[in-house]
Amino acid sequence: MPPLMTGAIVNAVALGILYGLLGLSLTIIYGAMRIANLAHGEMVLAGSYVAYVVTTQLGYSPLAAIPVAFTLLFLLAFALFAVAGRRLQTARDPEMASFLFFYGVSLMVGSGLLFLFDADARSVIFQFQPISYRVLGLVIPKARAVAVGVALVLVPALFLFLYRTTPGKALRAAVMNRDALRIVGVDVERLSLVAFSVSAGIAGVTGVLLALVFPAFTPFSGLDYTITGFVVIVLGGLGSPLGALLGGMLFAFSEQLTTLWIGQSAGVLAGFLILVLVVAIRPAGLIGQAEWKS
Amino acid sequence: MSLQISNLSKSYGRVRALNDVSLAVNPGEVLGIMGVNGAGKSTLLNCICGFATPDAGAIELGGRGICGQRPDHVSRAGVGRTFQVPRSFRSLTVLENLLVVPARGEPSGILFDRAHHALEKVKLATLANNYAGELSGGQQKLLELARILILEPQVVLFDEPLAGMHSDLCRVSLDEVAEMLSRSVAVMLVCHDPGIPYRLACRGPKRPGRHRGPSGRPALIGG
Ligand SMILES: Nc1ncnc2c1ncn2[C@@H]1O[C@H](COP(=O)(O)OP(=O)(O)O)[C@@H](O)[C@H]1O
Ligand SMILES: [Mg+2]
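Going line by line, the protein sequences match chains A and B. Just so you know, we're using our numbering here: the first sequence kicks off at 1 and counts up by one. Just so you know, we're using our numbering here: the second sequence kicks off at 1001 and counts up by one.
Okay, chain B solo, but in the shape it has when bound:
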């Protein structure tokens, strides 16, 4: 499924966080979003996920408008995301963090197996019964990644997935993103290092090296 954004604008009071942003991400593509702090990157993701309502513009997922829908609807429509500051359920165990997703008609045993599998992929399996609040910041980001793996979304939005993360954990994270791309997931990646989406794009088997910039730019704030 592809994600298409056209002429998106969003202001907070007099702060214009997004100014006429248009871009698209197709299956198997990675789109890097860069910009200084406060440029509006997280706001863009918030508008897509339904945490913020844009003032103008359209957001289409596989040709269907999702602008203004509730976050849980957007999630079930196939969009996954991580947060800049990871959001986990601190007093639930790492495994339980993955098991609170609503049943999608499958027996709970399958979800359980998928959760274990996802934890193994992000190297958190040994911590499955620890409380999420005990994890390091980097590990919490991996837990968010595992959450995405079990939801199997078609479009994934990463908000600074590698910021402040140990380099070993970075590799685990990048490997998973690369694998998602190979499964034709559309990936949008907010980061500060242009090398990351570039490297991912080069590794992606579908359209190696394809690397496009958005046609609109998040407005620069205070800079």
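In isolation and in its complexed conformation, chain A is listed as follows:
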């Protein structure tokens, strides 16, 4: 295989798992609560800025930014949900209500970041030892390897939680049928509050990891992440955790390979093209069953 090709594939796998992570937290929230979290990208971005502060400004390892980002976004989401969650869920059209609410939140977080950090692009500056690895003739930056390594721990941990623990199963059950869950006595509102907060925390961690992979970000980068997140989960099937992972991989591969063969600007286009095709052929996504609808 030509080294460029190998490089593109390695990149695609790395990005794919991060995109999968980006979609994972989004899809659970959408599936279980019908909350279209339009501020997801800004929450991810806030995580990136936490990484910036912890590394570039304070000089600590990006790994130290992970618990900080998680806690900060967990608390932010907890507060948001405590204020608005109940209203959103009992709204006549919860999807539209949450769409508008979180659009507001995304503007708020975005402009908050703009206020705190200015419009200039920021990046995580931290010298890993060694700076890079050589594998199969490829140079792999350690920062990227670390990001992928953390994602490789986090994603299986999330899946273990969702598929092997009772609260995880209850959360998936909420995706399948909320009313049946309430009829057996589960406090779906509290479940939603915790799930939403944890999901935001994971979004923050995802932001730290993305900051290690992408060279720079600005307070306006949030929308890109939101769009990528939604593309990934629509590709995979809304509400399906496994679908988010598959969607992330598919999107990353199409992006990387098209960039290699055609060019940078075609990369993003290819991802959207595949999205349109998948939705046209399988509206429920790759492995979605439209089961979040009751």
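Don't read these hints as lab results, they were simulated from the structure. Keep in mind the model is a prediction, meaning the values are calculated, not measured. Don't be surprised by glycine CBs; every beta carbon is placed ideally from N, CA and C. Treat the hints with care, since some could be wrong.
[As the list claims (entries may be wrong)] Which residues of chain A face chain B? A partial, calculated answer using Cβ under 8 Å: (1) T90; (2) P94; (3) M96; (4) T165; (5) A173; (6) R182; (7) V184; (8) V186; (9) R282.
Chain A is fixed; fit chain B with the ligands onto it per the hints.
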């Protein structure tokens, strides 16, 4: 525990689904609710369970008002129900469907044993590790029944439990309802065949043959 409903009314826009309904079910009693489609039977159950908020009237469970409470509160207060169209968690296994109930302070092993026992009673034990989405409509109704068995509610509301069900499965279902009655559970049963609550009432050991009609009637809609 008995369930007492007084002067319940509920409208959806201009559709008056319930009009001044009063009725009571006592422990060990079965109360049949009949009426044409759209008469408001499911709406009555929805009001009791907290899925709908009545416009007027009162609902009391063992003397305590539960009107307007959230479905999970009503469930934990001891009311179980099945749905007209069964609601299961399609991508969980049959066994997992029973294990998502919140812990009530007992070790999870006990819940596990109870779930297995309930599946045996409704003859679904051999399908315990199949996905609920693979079950037939009738079997899904039995799964809802098993869900009720492990929750051990004092008042149970069945919404057309036998509709579209194979006669063998019907027998399994009726046997379980009869056993509930013998354990002094209060049962409300929405169905189209008056023979069913009558037969159950005759089998119930507590008050054989006792058979009362509600004192208010669900409003007839469009008929
Ligand atoms: N959520 C709802 N929104 C609007 N109308 C409803 C709703 N639920 C029930 N209805 C109406 O109330 C009436 C009674 O419905 P229902 O209780 O389901 O009847 P039944 O179970 O006796 O067949 C019907 O006319 C139905 O269309
Ligand atoms: Mg009905």
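*Do the numbers back the hint for A:R182, that is, is its least Cβ distance to chain B under 8 Å?*
Interface hint status for A:R182: holds (4 Å vs cutoff 8 Å).
_Hint status (Cβ of A:P94 to nearest Cβ of chain B, threshold 8 Å)_ = Hint on A:P94: violated, closest Cβ of chain B at ~15 Å, above 8 Å.
*Any CB of chain B closer than 8 Å to the CB of A:T90?*
11 Å, violated
*Can the hint on A:R282 be confirmed by a CB-to-CB distance to chain B that is less than 8 Å?*
17 Å, violated
*Does the nearest C-beta of chain B fall within a distance shorter than 8 Å of the C-beta of A:T165?*
11 Å, violated
*Classify the hint on A:M96 as holds or violated, based on whether any CB of chain B lies nearer than 8 Å to its CB.*
21 Å, violated
_Under 8 Å is the threshold here; is the Cβ of A:A173 close enough to any Cβ of chain B for the hint to stand?_
4 Å, holds
*Does the interface hint hold: is A:V184 within less than 8 Å of chain B, judged Cβ to Cβ?*
Holds, because the Cβ-Cβ distance from A:V184 to chain B comes to roughly 5 Å (cut-off 8 Å).
*Go through the hint on A:V186 and say holds or violated, using the shortest Cβ distance to chain B against 8 Å.*
5 Å, holds
Figure legend: structure checked against the earlier numbered hints; hints not met, in rising order: 1, 2, 3, 4, 9.
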